[in-house]
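K.L.:
Given chain A, put chains B and C in place with the hints provided.
Chains as they are written, first to last, in the working numbering: chain A, 10 to 438; chain B, 653 to 1002; chain C, 18 to 74.
Hints may contain errors.
[To be verified] If you anchor each label on the Cβ, the simulated ranges turn out as follows:
| no. | chain 1 | residue 1 | chain 2 | residue 2 | range |
| --- | --- | --- | --- | --- | --- |
| 1 | B | V934 | A | I244 | 43 to 53 Å |
| 2 | B | G912 | C | A43 | 22 to 32 Å |
| 3 | B | R855 | A | Q23 | 50 to 60 Å |
Keep in mind the hints are simulated off the structure, nothing from the lab.
For glycine and all other residues, C-beta sits at the position ideal for the given N, C-alpha and C.
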Amino acid sequence: MRLELNIVQITKAQFADATAVRNGVLSVNRQELEDLVKQDTRLTDVDIELANPGDKCRIVNVADVIEPRARIANSGPDFPGAVGMQGTAGHGSTCVLRGAAVLINDYNIGGRQYQRPDEGIIDMWGPGAEIGPYGRTCNVVVLASPANGTSIDEYCVALKIAGLKTAVYLAKAGADLTPDEVEVYDIPSIRDTAGDMQDLPRVAYICQVFTNQRVPLPGDPVLYGHHIEKIVPTILHPNEVFDGAVTDPYRGYAATYVIQNHPMIKELYQNHGKTLHFAGVIISNAPNNAPEYERTANVAANLAKWILGVDGAVLTKIGGGAPELTMALTAQRCEELGIKTALALMHQGIDASEITLKASTVFSNVPQVDAMVSMGASTASPVLTLPPAEKVVGILDGSQMGAEIRRPASDIRGSFSQLGDSRLMAVRY
Amino acid sequence: MSKKLRVVHYLNQFFGGLGGEEQAHRGPQIIDGPIGPGRAIQSRLAEKGEVVATAICGDDYIGERIDEAADEIVQLIRRYDPDVVIAGPAFEAGRYGVACGAICKKVQETLNIPAVTGMYGENPGVDLFHKDVYIVQTGDSVRTMDAAIAKMVNLAMKQAAGHKIGKPTEEGYFPRGILVNEESDRSGAARVVAMLLDKLKGRPFEPEVLQPTHYPVSPAPGIKDIGSSTIALVTDGGLVPAGNPDGIESKNATRFGGYGFKDIDSLAADDYDVNHSGYATVFTRQNPNRLIPVDAMREIEREKGIGKLHERFYSTTGVATRLEMARKMGRAIAAELKSEGVSGAILTST
Amino acid sequence: MVGVPRVVQGVKIVNPMGNEEMDPEAEQRLRRDIATGALNALQAEVKEPTLFDRHKA
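For reference, chain A alone in the conformation it holds in the complex (with noise of 0.2 Å):
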């Protein structure tokens, strides 16, 4: 499968009198884009608010981040069954309007029902612009409250899809420009590289998009415009899951826009045909109770082995405890069956007790599942002294919210990713 990303750099938003994007400025239309969400009936009191790189801005209350993009030509549906009819992504071309990110705001309304493990601020300047991605990047803002008659559930599913559509929206408006780069990504079916690349390892990543540690948003298009909290482990080709057949979960622990980047699967694909046969992706969930632990991890391990027929897997878990639990079971089963695992994690237990050299998980004390790198401690996070802002997005009453706060570190939304993409790493003291 072959996809092209067009990537075009956007340094600014801007509102004006129509969408376009011109020598890196991508001007909005601000009644249009209302009027495209408000065609969704379960939601009201839409507002779209831009916030730049340097704004004194503080953005609240933020459920999902999501890279705009739209598919050029004839390459198919956009966020296929979530925003577009049915079909597959990652393949054709797919225009990215990069260093632009639509974000979605709920009011704590989502939140409420749907609680994140942390605050997740957005500064656009000062300390957390610093040590999060998205106070650098030119961020729309789409924010709307539930009509009369909507459940809080349909609300936050409505906003989801008026988040991506607003996605699309604003890419579409760069799709004609040509690119200031053109990035590739292509592997071909298993049939036509099985003799191919002899000499290199066959590796899959195993991922897990959603913990059933959380309840399911029903109607939350997370894998082509459906939930997948009761999937067993599938696997999909890397180029589906970043081109639009996945989404994070809605405030779920990652985002969208990191899905769309997705670390790990392009650290991989650099890799591809160098070091290694990127063999696919299996993505899953992490089940909730303990025998669905095991059948999660036996059927990934079991695809590993004898449907990609990989030599090695990387694994990464997302959410907390049980996550981890079930990201250790498949290394095991990996492991069991002859497959290396190597596993990327943050941790979330530690042992100030502990006399060890390094950092330790809680679970997991399987011999052979030993290779494990540290994405950091949320809870070593340090505090940092957020200054005034001028703007608060996203809550009704901003004055506490916009004076000077003091928060840790991991508040700062994407400054810790269970992904790949942060540099951060614990280290024992």
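P.N.:
Okay, now just chains B and C, sitting in the frame of chain A:
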């Protein structure tokens, strides 16, 4: 010209030349200059420092009255106006190691100057003091004296100069239980793929995370007469009385609560909150018995399946909670239950 | 994996001693079964971490 570092050294009766076990009862004393291993310290310091005095005390003397003896010794040390104190190294000797740790801690607290000691991993002094004091890792015998001295002098000088102390692996000391996030030169994705490739090729690799050491707990004997036993209910699912009166944290908990429910057959949703950021609490809020199963246990109590349901349940929040804090709370809860005549506890975990 | 001597399997993280998908009487019986399993575990002699079943009525 920078000032010469004034160092006071602490030794036990043996290394201090008073004698062996028969001198372990000797009280604290202090003499000018270095003796025994202190001379090696002086050598290492060269012209940058001077071992101005050596404090000596018997292991038993200090063992029998640790706090007072450490105070006495610190008072002797104070007279020499040191910049830093070095104790030991104690290698495997347990009383000596505990003494070194206690003295270093007392020096830091009372004289406000840095201290450093050294001992072998299994020395009880490590467990007791590694969080408060830099303890360099030594071998289990005096044959490793030189290496130990080198590490101790290095840390002593760095601390005295206010220099940043490197990682435990670099400087050779026992980790002090502090976790810090540092920035690597590469992303987590790059590092994990590289680590996998090393593992696939059979190349050595350095994991960044270790597997945990779980210290085995001896199981308590089974309850012999359940029909006359008192059983208590405990949870880490964050169940608290409405309003969370004890302010138990919703993650990384440091507190627990004990809450009475006398004469009640079933916990009522309105009386309770669930305060836990690690799972969706909607179902446990609807029915707190899903965490603390008072309703089921009352039935069993009525049918004489147990002697009595203890009238208080205990609760804390088990998400991102430090293991040592969890152990501490567990011990405290167990002690309370035991003093109240409880024989067994059912812990519901989320 | 963690070394607790006596463990009884609960239902799920978000509902350890219950199941919101069942109707109330069935859920009540389920809770009783898990509690009974726990009491059986408390009476058993164990040497190492042991997983106990719920009581099957």
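K.L.:
All hints are to be evaluated individually against the structure, with a verdict given for each.
P.N.:
Verification of the hints:
Here the CB-CB span from V934(B) to I244(A) is close to 33 Å, at odds with the stated 43 to 53 Å. Taking 22 to 32 Å as the suggested C-beta distance range, the pair G912(B) and A43(C) conforms, at roughly 30 Å. About 52 Å separates the C-beta atoms of R855(B) and Q23(A), a value consistent with the hinted range of 50 to 60 Å.
Going through the hint list in order, the structure does not satisfy hint 1, though it satisfies all others.
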